[in-house]
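Undergrad: Letter by letter, the chains look like this.
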Amino acid sequence: MKLQTSFYNKAILKNNIKRFAYIGILYFVIHFLVVNFGMLMNTLGTTHHMDNLLYKIPSGWDVFILFFLPVILGIVLFRYIQDEKALATIHAFPVSRKTLFFSHMISFVILFGIPLAINTLISYIILVSKGYPALDLALHLSIYYIGMLLSGMTIFYITVMFGMLVGSSVLQAVLTYVMMVIPVAIVEFGKILIGWTLKGFSTYLDDEALHLLMTPYYTIGRMVDASNTEFLTKGFLVIIIYLCFSVMASYVLYKKRHLEKHHDLIAFDFAKIGFIGLLTVLITLTLANMLGSMFYENRSLGVYVGVFFGALIGYGVTKMIAEKTVRIFVYYKSWLVVVALFMLALMVIDFDLIGFESHVPDFEDVAYVVYGENSNPRQGRIADKTVLYGSEGNFELVFTEQPSIQEVLNLHETAIHAEQDRGYNNRVYRLDLVYVLKNGKRISRMYENPQMEEGFARLHESEGYKRGRLKDIKAILTHPKKSSINIWGRGGQERNISLEKSGTLYEAYRKDFMLLSYKEEISYDNWGTIDIAITVGDGTREGNYEILNYHSLNIWPSFENTKAWLRENGYEGIVPNRKDIVSARITPVFNPDTEVDMSPEYVKDMQLQGMIDSVGIVDDDIIDIIYDLTYDYSKDPKDSYRITLIYKDYGEYSFRVGELPEILKSYVTQY
Amino acid sequence: MIKTVDLTKSYGSFKALDQINIHVKKGSVYGMVGPNGAGKTTLLKIMTGVFRQNQGQVFIDGQVVEDHISLKQRVRFIPDELYYFPMATIKDMADFYEEMFDVFDRDRFVRIQALLKIPIQKKISQLSKGMKKQVAFWLAICTKPDVMILDEPVDGLDPVMRRQIWSLLLQDVAERNMTVVVSSHNLRELEDVCDYVGILHEGKLLLERDLDEMKSDIHKIQVAFEASEVTLKSLNPLKEMQVGSVHTIIVRGLRDEIERSLSPMKPVLVDFIPLTLEEIFIYEIGGEGYEVTNLIL
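Chains as they are written, first to last, in numbering that gives the first Met the number 0: chain A, 0 to 670; chain B, 0 to 296.
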C-alpha cells in the first residue's frame with residue numbers, strides 16, 4: 000500500500016519537481032545575478048565591510064524581482080484548477096485535495112529553497128575565504144535565507160489563494176501583484192485625503208510599521224541587520240502571521256472550491272464582493288487624490304468631485320469586469336447606493352461628525368506632550384529626552400510641566416479654528432503635537448500653516464520651550480563625539496572653532512536664545528550658522544571617510560553674546576567688519592530657482608566676456624548704505640536683490656534684500 | 000457496486016442533475032445515454048469524485064467516493080477530453096501511474112505496447128487524438144481497476160482499434176469482474192457491449208433497465224389489415240405511421256399481449272422488427288418532448 004492518506008503524494012511531488020526544475024534553475028541564475036554577484040563584487044575592494052555587503056541585499060520594492068518564482072510556481076502548480084481537462088484527470092487520481100495541496104507546497108519549498116540555499120552557501124564560502132567574519136556572515140545570511148524562504152512561501156500562498164478565487168491565471172497574477180501594493184496604496188491615499196479634509200489629521204503615519212504590517216516581504220533587507228533585534232523579531236512575526244493566514248486561506252478555499260467553476264472569472268460570490276469593493280475603494284481614492292492635487296486652491300471641492308467620480312467609475316468598471324457584462328446600467332440601484340455611501344463617508348469626515356477635529360484632551364488626562372517642528376517627523380516612537388533631534392527647523396520637544404502643557408492645549412484649541420495659510424512665508428508653518436495620556440493612549444494632531452502668531456509666540460517665548468530647545472542645543476554643542484564645529488557669519492568668513500571652547504560658546508548662545516523673540520525666530524533674517532559634525536557610532540571609518548551626523552544651529556541677528564564670544568575668542572572674521580569690505584555687488588533676482596551663480600570666478604568670466612558691465616561698487620558711501628541694508632527673505636524672491644559683500648581677503652558674503660533705496664538702484668549689476 | 004441516491008447538481012439556477020438514482024451491478028457494463036446536455040458528464044465526474052453534488056450521495060461498494068483515497072485507487076476515469084502532463088512521454092506517464100497507483104502491471108503494459116505499437120519514448124503531445132485515447136486505456140487497464148468510468152471512450156478511434164480496446168475492457172470484465180460505466184453517443188456500439196442502460200434527459204433519469212429486457216419491452220411492428228379503416232389507439236402506440244395499408248407502430252409491452260390485442264382486428268400481416276438501442280433511445284426521449292418527428296422510422 001502506498002502513502003495514500005499521507006501529507007504528500009510522492010508521485011505528484013516527483014512529477015512537480017521534474018516538470019518545473021527549469022524554473023528553479025532559472026531562479027538560481029537570477030538570484031545569483033541580483034544578489035550574490037553584487038556581494039561577490041564586494042570582495043574585489045580592499046576593505047571587507049559587512050554593512051557594504053548587506054547593502055547588496057535588495058530591500059523595498061526591488062525585492063519583487065526575487066519573488067517572481069513564488070508567483071510563477073503559485074500559478075503553474077495549481078494551474079489545473081482553472082483547466083477543465085486537467086482537473087478532471089488530476090482530481091480523479093487517488094489523492095485527496097489535502098494531499099495535493101501539501102504536495103505542491105513541498106514542491107515549492109524544494110524548487111525555491113534549494114536554489115536559494117545553494118546560492119547563499121556559495122556566497123558564504125567565497126566571502127569567508129575572502130576574509131569576512133564567518134560567524135557574523137553565517138548569522139546575516141541565515142536570517143536572509145529564512146526570511147526569503149518564509150516570505151517566498153507567503154507570496155506563493157497569496158498567489159495560490161487568488162488562484163482559488165478566480166478562473167484565470169492572468170487575473171490571478173495581476174491580483175497577486177496588485178495585492179502586494181493595494182493595502183499600502185489604500186492607506187497612503189486614504190490618509191492624504193483625510194489630511195486634506197480634516198485639518199488636524201497627521202498624514203505622517205509610522206511608515207516603517209505600516210510597511211512592515213502590510214507588506215512584510217519588502218523588509219528582508221532591513222531584517223538582515225541582526226543588531227536591530229526588535230525589527231528582526233517583528234519582521235519574522237509579521238511574516239509568519241501572513242504565512243499562516245495565506246496557507247489557511249488558500250487551503251480552505253481549495254477544499255471549498257467547486258471544480259466546475261474552472262471557467263468562472265471569480266469562483267466565489269464573496270470574492271466578487273471583495274474584488275468590487277477593494278478596486279472601487281482604490282479607484283475612488285486614486286481619483287480623489289488626483290483631483291485634490293489639481294484643485295490646489297480648493298482641495299475640498301477637488302476631493303468631493305474626485306470621490307464622486309471615483310466611486311462612479313470604480314464601481315461601474317469593477318462591476319463590469321466581475322459580471323462580465325457591459326450592461327451595467329441594470330445595476331443602477333446598487334451603483335447609486337455605492338456612490339451615496341462614499342459621499343456620505345466623505346461628509347462624515349468633512350463635517351467632523353466623528354468629533355475628531357473638535358477633540359482636545361482634558362488637561363488632567365495628559366501625561367506629557369511632544370511638540371515638534373520637524374521636517375522629518377518622528378517615525379512612531381516618542382523621542383528620547385536627551386538626544387539630538389536635529390537643529391533649528393527640525394526639533395522635537397517633550398513638555399512635561401503643567402504650564403507648558405496648558406500652553407500647548409491652548410495652542411491646539413486656537414489651531415482648530417485658525418485659518419490655514421497656503422503660503423510658506425515663515426519658518427514655523429506646522430503645529431505637530433502628540434499627546435501621551437496618563438492611560439497610555441496617544442493623540443496625534445498636525446496643523447499645517449495655522450495662522451495664530453500670538454499663540455505660537457506665547458509658547459515659543461515661554462521658559463518651558465526655551466529650556467526644552469536648549470537641552471537639545473546643549474546636547475549637540477557639547478556632544479562628546481563631536482568632530483568639528485564650523486561657524487559662518489555675516490563677516491564673510493567661515494571658521495572651524497576649537498572643540499574645547501564649545502562649552503563657553505553654548506553659554507553665550509544660551510543667553511541669546513533665552514532672549515530670542517518669536518518674531519525673530521520665525522523670520523528668515525539669518526546672521527550666521529553653527530554647523531556641528533558628530534561622529535556616528537563607534538567611529539568606524541568607511542574607507543578613508545569618517546561617518547558623521549550634521550547639525551545646524553541658527554545665529555540670529557540679535558545674538559550679541561554669541562557675536563561677542565566670537566570676537567573675544569579670535570574669530571573676528573566671522574563678525575561683520577565694515578572696514579575690511581573693499582567692494583560690493585547688487586544683482587537682481589528674477590527667479591530664485593534659476594538665480595545665476597555669482598561666484599567671483601563666474602563674475603570674472605562674465606566681465607571678460609563683456610556680459611557684466613561693472614567690476615563692483617567701490618564707493619565707500621554707497622557701501623555704507625549697502626552694509627546697513629536689512630536682510631529680508633520674506634518677500635517674494637522674484638523682486639528681491641542679492642547683495643554680495645567682498646572683503647579684502649577676497650572672502651565674500653551674500654544675502655538677499657526685498658527692497659532697494661532709490662539711490663542704490665542705479666548700482667544694480669545688469670546681466 | 001455503484002449506487003447513487005437522489006443525486007442532484009445545480010449550476011446556479013440550472014439543474015444539471017435532478018434526483019438521480021442509478022444502480023450498477025458488479026461486473027456489468029452500464030451504458031449511460033442521453034442527448035447533449037443531459038448531464039452525463041456531470042454524473043460521471045461526480046461518480047469519480049471530481050465534482051461535488053448539491054444533494055444526494057454516490058456509493059461504490061457502500062462507500063462515499065469523494066476524497067476516499069483507497070476507493071479511488073480502484074476506480075479509473077477516462078474523460079472525454081484527455082489531459083497529460085505537458086511534455087510527458089508515455090514512459091513518463093507509466094512511471095507516474097506506477098508511483099500513483101497500488102497496482103501497475105508492467106508486464107501487461109509491455110504486452111499492450113506490442114499490440115498498439117506506439118513507442119513509449121514518444122511525447123504524448125505529438126500523438127494523434129486517437130493514439131492519445133489508446134494511451135489513456137493502455138495506462139488505465141494496467142492499473143487493473145475494479146471500476147472503469149468512461150466518458151465517450153472510443154470517440155476518435157478507428158473501428159479496428161475500437162474493437163481492440165473494447166475487447167481489452169471486456170476481457171477484464173469477464174476475468175476480473177470489472178464494472179464499467181460508459182457514456183457514449185455511439186448507441187450501436189453500446190448495444191453490443193452493455194448489460195444495462197440508463198437514459199438521461201434534462202438531468203433526469205428516464206429509465207434504467209437491463210438492455211435485453213428493455214428490448215423485449217418495446218417493439219416495432221408492421222401490420223396490415225384488409226379493412227381500410229382500422230384504429231390502433233387501443234395499443235397506445237409511441238409512434239404510428241401508415242403507408243398504404245401497412246401500419247408501422249412502436250408499442251410498449253410483451254409480444255404475446257400485443258399479438259393478443261391485434262388478433263381481434265384480423266390483420267393480414269404482423270411483423271415484429273427488432274428495435275436497435277438507438278431507436279429505443281429516440282422513442283424514449285421523444286416521449287419527453289425531444290424533437291424526433293423528422294426522423295424516419
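Hint data in this document are derived by calculation from the structure and do not stem from the laboratory. Keep in mind it's a predicted model, so treat the numbers as computed, not measured. Glycine is no exception: its CB is placed at the ideal position from the N, C-alpha and C atoms. Accuracy of the hints is not assured; some may be wrong.
In silico EDC-like cross-links for lysine to aspartate or glutamate, where the CA-CA straight-line distance does not exceed 16 Å [stated by the list, open to error]: (1) Lys9(A) / Asp94(B); (2) Lys14(B) / Glu651(A); (3) Lys254(A) / Glu97(B); (4) Lys97(A) / Asp94(B); (5) Lys128(B) / Asp171(B); (6) Lys254(A) / Glu256(B); (7) Lys97(A) / Glu65(B); (8) Lys578(A) / Glu651(A); (9) Lys13(A) / Asp270(B); (10) Lys13(A) / Asp94(B); (11) Lys13(A) / Glu97(B); (12) Lys9(A) / Asp79(B); (13) Lys9(A) / Glu97(B); (14) Lys17(A) / Asp94(B); (15) Lys9(A) / Glu80(B); (16) Lys13(A) / Asp91(B); (17) Lys255(A) / Asp94(B); (18) Lys84(A) / Glu97(B); (19) Lys255(A) / Asp101(B); (20) Lys480(A) / Asp530(A); (21) Lys17(A) / Asp101(B).
FRET-style restraints, in silico, Cβ to Cβ [stated by the list, open to error]: (22) Met86(B) / Pro182(A): 35 to 41 Å; (23) Val108(A) / Lys203(B): 46 to 52 Å; (24) Lys255(A) / Lys2(B): 55 to 61 Å; (25) Gln170(B) / Lys97(A): 34 to 40 Å; (26) Asp104(B) / Ser167(A): 39 to 45 Å.
Undergrad: Is the hinted pair lysine 13(A) and aspartate 91(B) satisfied, with a Cα-Cα distance of at most 16 Å?
TA: holds (11 Å)
Undergrad: Check the hint pairing lysine 14(B) with glutamate 651(A) against an upper bound of 16 Å on the C-alpha distance.
TA: violated (91 Å)
Undergrad: Mind checking the alpha carbons of lysine 128(B) and aspartate 171(B) for me, to see if they're no more than 16 Å apart?
TA: violated (24 Å)
Undergrad: For the pair supplied as a hint, lysine 9(A) and aspartate 79(B), confirm whether the alpha-carbon distance does not exceed 16 Å.
TA: violated (27 Å)
Undergrad: Would the hint linking lysine 480(A) and aspartate 530(A) be met if the CA-CA limit is 16 Å?
TA: Holds, because 14 Å separates the two Cα atoms, which is no more than 16 Å.
Undergrad: Within 55 to 61 Å or not, the Cβ separation of lysine 255(A) and lysine 2(B)?
TA: violated (26 Å)
Undergrad: Within 16 Å, alpha carbon to alpha carbon, are lysine 13(A) and glutamate 97(B)?
TA: With Cα atoms ~12 Å apart, lysine 13(A) and glutamate 97(B) stay inside 16 Å; holds.
Undergrad: Between the alpha carbons of lysine 255(A) and aspartate 101(B), is the straight-line distance 16 Å or under?
TA: violated (28 Å)
Undergrad: CA of lysine 254(A) to CA of glutamate 256(B), is that 16 Å or under?
TA: Violated - the C-alpha atoms of glutamate 256(B) and lysine 254(A) are around 56 Å apart, more than 16 Å.
Undergrad: Do glutamine 170(B) and lysine 97(A) keep their Cβ atoms within the hinted range of 34 to 40 Å?
TA: holds (36 Å)
Undergrad: With a cut-off of 16 Å on the C-alpha distance, tell me whether lysine 13(A) and aspartate 94(B) pass.
TA: holds (10 Å)
Undergrad: Is the gap between the beta carbons of methionine 86(B) and proline 182(A) within 35 to 41 Å?
TA: For methionine 86(B) and proline 182(A) the Cβ distance comes to about 38 Å; the hint holds.
Hint violations for this structure: numbers 2, 3, 4, 5, 6, 9, 12, 15, 17, 18, 19, 21 and 24, all remaining hints satisfied.
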